[in-house]
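Below are the chains, spelled out letter by letter.
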Amino acid sequence: MRTSLSRSFTLALSAVLTIGVLLLGVGPAAASGKITIVNGNDPGVGFNDPTPVAPVGGNPMTTRGAQRLYAFQFAADLWGQTLDSPVEIVVLATFEPLGANVLGSAGATGAFRDFSGVGLAPGAEFTGTFYGAALADKRAGENLGDFSPDIRARFSSDFNFYLGVDNNHGALNDLVTVVLHELGHGLNFQSFVNTSTGANLGTDATNPLGFTDIYSRHLFDAKIGLHWNDMTADQRKSSALHFGDLVWDGATVTRDIPDVLTIGSPEVRVTAPASIAGLYQFGTAAFGPRVGSPSVSSTIVPAVDPADAAGPSTTDGCSPFSNAGAVAGKIALVERGTCGFAVKARNATNAGAAAVIIYNNAANATAAAPGMADDGVNGAFVTIPTVSLSRPDGLLVIGALPASADLRVDNTIRAGADALNRARLYAPTLLVTGSSVSHFDSIAFRNLLMEPAINPDLTHNVSAPFDLTLELFRDVGWFADADLDGVPDASDCESHSNQSKTVVIDGEDTGVPNTLLANGCTISDQVSHIEAGARNHGAFVSGVAHMTNDLVGAGVISGKQKGAIQSAAAHSN
Amino acid sequence: MTSARFASIAACAIAIAALASPPAFAQQRQGNNKKYIATRDITIDKQTGQLRRPTAEETEALVGQLTAMTNQSTEGLQETSLTNGVRLDLQDRFQSIILARPNADGTSELRCVTTFEEAAEFLGLVEDPGQR
Chain A
1 MRTSLSRSFT LALSAVLTIG VLLLGVGPAA ASGKITIVNG NDPGVGFNDP
51 TPVAPVGGNP MTTRGAQRLY AFQFAADLWG QTLDSPVEIV VLATFEPLGA
101 NVLGSAGATG AFRDFSGVGL APGAEFTGTF YGAALADKRA GENLGDFSPD
151 IRARFSSDFN FYLGVDNNHG ALNDLVTVVL HELGHGLNFQ SFVNTSTGAN
201 LGTDATNPLG FTDIYSRHLF DAKIGLHWND MTADQRKSSA LHFGDLVWDG
251 ATVTRDIPDV LTIGSPEVRV TAPASIAGLY QFGTAAFGPR VGSPSVSSTI
301 VPAVDPADAA GPSTTDGCSP FSNAGAVAGK IALVERGTCG FAVKARNATN
351 AGAAAVIIYN NAANATAAAP GMADDGVNGA FVTIPTVSLS RPDGLLVIGA
401 LPASADLRVD NTIRAGADAL NRARLYAPTL LVTGSSVSHF DSIAFRNLLM
451 EPAINPDLTH NVSAPFDLTL ELFRDVGWFA DADLDGVPDA SDCESHSNQS
501 KTVVIDGEDT GVPNTLLANG CTISDQVSHI EAGARNHGAF VSGVAHMTND
551 LVGAGVISGK QKGAIQSAAA HSN
Chain B
1 MTSARFASIA ACAIAIAALA SPPAFAQQRQ GNNKKYIATR DITIDKQTGQ
51 LRRPTAEETE ALVGQLTAMT NQSTEGLQET SLTNGVRLDL QDRFQSIILA
101 RPNADGTSEL RCVTTFEEAA EFLGLVEDPG QR
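Those protein sequences? They're chains A and B, same order as listed.
Using this note's numbering, you'd call the opening residue of the first sequence number 1 and step up by one each time.
Using this note's numbering, you'd call the opening residue of the second sequence number 1 and step up by one each time.
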């Protein structure tokens with residue numbers, strides 16, 4: 001913020017000096033490259049794999065290992081360019097065999113609480129609150145306890161990632177996107193609550209309540225009406241499964257949601273009978289029209305098909321429906337199993353159904369409503385909206401027949417937000433305990449980096465209007481601080497401070513240390529601000545005289561140093 | 001290289017011995033004593049290149065791996081008082097895991113999970129009804 005030479009400026013400066021001047025050395029202000037990847041692989045493997053490869057998608061390296069490291073560092077730099085930390089973030093990373101289905105893992109290596117800020121750094125915002133290592137270091141302004149690395153990341157050397165950095169990944173999975181996502185967790189897109197028990201981090205026999213964490217402080221359950229830090233462990237355990245009601249109430253995410261998420265939230269609402277009416281968690285299909293295209297409001301009719309070679313039960317929908325007349329124009333209800341989702345949906349289409357609901361079978365009794373993949377054949381013949389329900393929800397409907405439902409889009413709210421524009425978090429209603437709350441809800445659209453699914457249409461952008469991850473980071477305390485002086489840009493006297501070692505005025509080096517003041521301005525900044533607001537040279541010299549007098553009064557500079565600054569100001573043009 | 005950067009990398013090098021190899025989660029006790037069966041074709045057969053259901057042994061290994069990697073227990077985690085604040089070493093717990101579920105067309109769906117339950121649901125691992 002620029003200030004002019006005025007009484008208000010002088011008063012403000014005096015107030016700053018009265019509160020306390022920080023006699024700080026001016027630190028380095030490297031604005032990029034603050035995330036360092038430490039290659040933890042042995043020679044010949046992982047990041048050191050010498051297999052020759054051709055450069056791809058902007059990745060110029062010519063061995064597989066070097067390409068992995070280049071792409072990894074590329075993703076880290078994307079975060080480094082957006083997160084202003086005076087403390088280097090260190091990621092210990094390896095590529096290693098992780099098995100057929102595990103592509104990687106990442107997270108903070110440690111958590112810190114009740115730390116203070118060094119210099120102007122603010123320290124922890126709340127007492128008794130854990131922060132992930134990287135965020136804690138930023139807010140402390142130092143590497144707490146010399147603890148390193150901050151993040152541990154492992155990735156699979158068995159998997160064929162796209163190693164280009166241009167996001168032109170085609171049918172492959174983009175390593176840069178996956179690393180962005182995983183580092184996001186390590187950078188504190190992460191609750192430290194055990195979601196299977198609800199226990200806080202640090203819970204033990206001597207401290208049965210443990211300590212909350214900064215992420216969980218922003219988890220608000222609209223059903224219970226409490227934040228997670230105000231809940232009991234049992235309430236948190238329950239809340240982790242409150243589909244649609246668990247939201248992020250941080251101000252920055254909420255502010256930017258209108259720029260990111262589209263209006264129109266798809267929903268499955270049972271409308272009758274009243275005993276089971278309400279919104280239901282549902283899974284979507286990768287084939288056929290989306291929910292709401294068109295909206296369907298109708299009765300639910302269980303489909304009946306022959307028990308035959310295609311499917312052994314009369315509820316699996318694997319053969320042409322024998323009650324097509326009853327299903328026509330209605331919402332067909334089919335049980336999961338034996339044949340693919342697309343086969344069932346195709347049979348429902350052929351029976352003239354307006355939509356189809358597929359509920360989990362006994363083999364998936366404890367699973368959430370699944371996402372439904374196409375089989376590459378039948379999906380093309382599906383012309384009606386197809387959704388899935390969990391088995392308990394499906395049986396609930398069957399037990400309450402006749403029933404009716406709406407499959408539609410609620411155009412009063414945004415996809416992935418609640419009615420108050422708060423971002424929904426992923427809290428699937430599994431019967432068993434344990435679900436992630438450290439992701440945005442998968443219903444969000446546009447698709448977000450920190451949804452549980454790594455969608456192929458993600459960009460490499462991490463903030464609005466493309467994404468909300470940086471906004472969430474702002475909410476947990478990754479404040480913008482372009483000059484790394486520890487003062488948030490929003491309240492910094494000068495967000496891009498002149499950090500020369502000495503005060504230089506119009507080329508004349510005064511030799512006076514360019515001290516950083518408690519308001520985030522250096523002495524040079526103050527001089528520049530006075531210059532910007534001065535009507536003429538005389539006003540500038542007078543303003544500098546006032547300022548330096550105040551600095552002497554506060555003990556920041558000596559009388560001799562005051563003279564040097566005033567002299568340089570007088571000589572200036 | 002700045003002195004701060006050198007110091008952090010040096011500290012990291014020390015930490016590598018504890019964190020890098022072998023994966024720490026592989027050494028942790030497997031806390032999931034339930035038996036699971038696979039209900040989806042999630043394994044690409046090395047011989048045929050075709051999707052198939054994992055064998056019982058492969059399923060057991062996968063369940064053990066996922067159980068260890070999704071450890072969110074606070075049991076045994078020790079706090080350390082520092083000059084500035086309190087540290088808790090997470091010992092590889094509270095990790096987020098990226099899983100792949102291959103499709104028949106050669107593509108893979110990716111899912112990030114933090115609990116075993118989510119992982120099992122995504123990969124189609126269900127408790128063996130005949131285990132009791």
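Keep in mind the hints are simulated off the structure, nothing from the lab.
Quick caveat, the model's predicted, so the values are computed rather than measured.
Backbone N, C-alpha and C fix where the C-beta goes; we use that ideal spot for every residue, glycine too.
A few of these clues could be false.
Unchecked claim - Residues of chain B placed beyond 12 Å of chain A at every Cβ, according to the derived structure:
| hint | residue |
| --- | --- |
| 1 | 74 |
| 2 | 104 |
| 3 | 115 |
Stated by the list, open to error - Heads up, incomplete: computed chain B residues facing chain A, CB under 10 Å, no partners named:
| hint | residue |
| --- | --- |
| 4 | 50 |
| 5 | 80 |
| 6 | 86 |
Results for each hint:
no.: 1; hint: 74; result: 5 Å, violated
no.: 2; hint: 104; result: 7 Å, violated
no.: 3; hint: 115; result: 4 Å, violated
no.: 4; hint: 50; result: 13 Å, violated
no.: 5; hint: 80; result: 7 Å, holds
no.: 6; hint: 86; result: 5 Å, holds
Consistency with the previously given hints fails for numbers 1, 2, 3, 4, ordered from lowest to highest.
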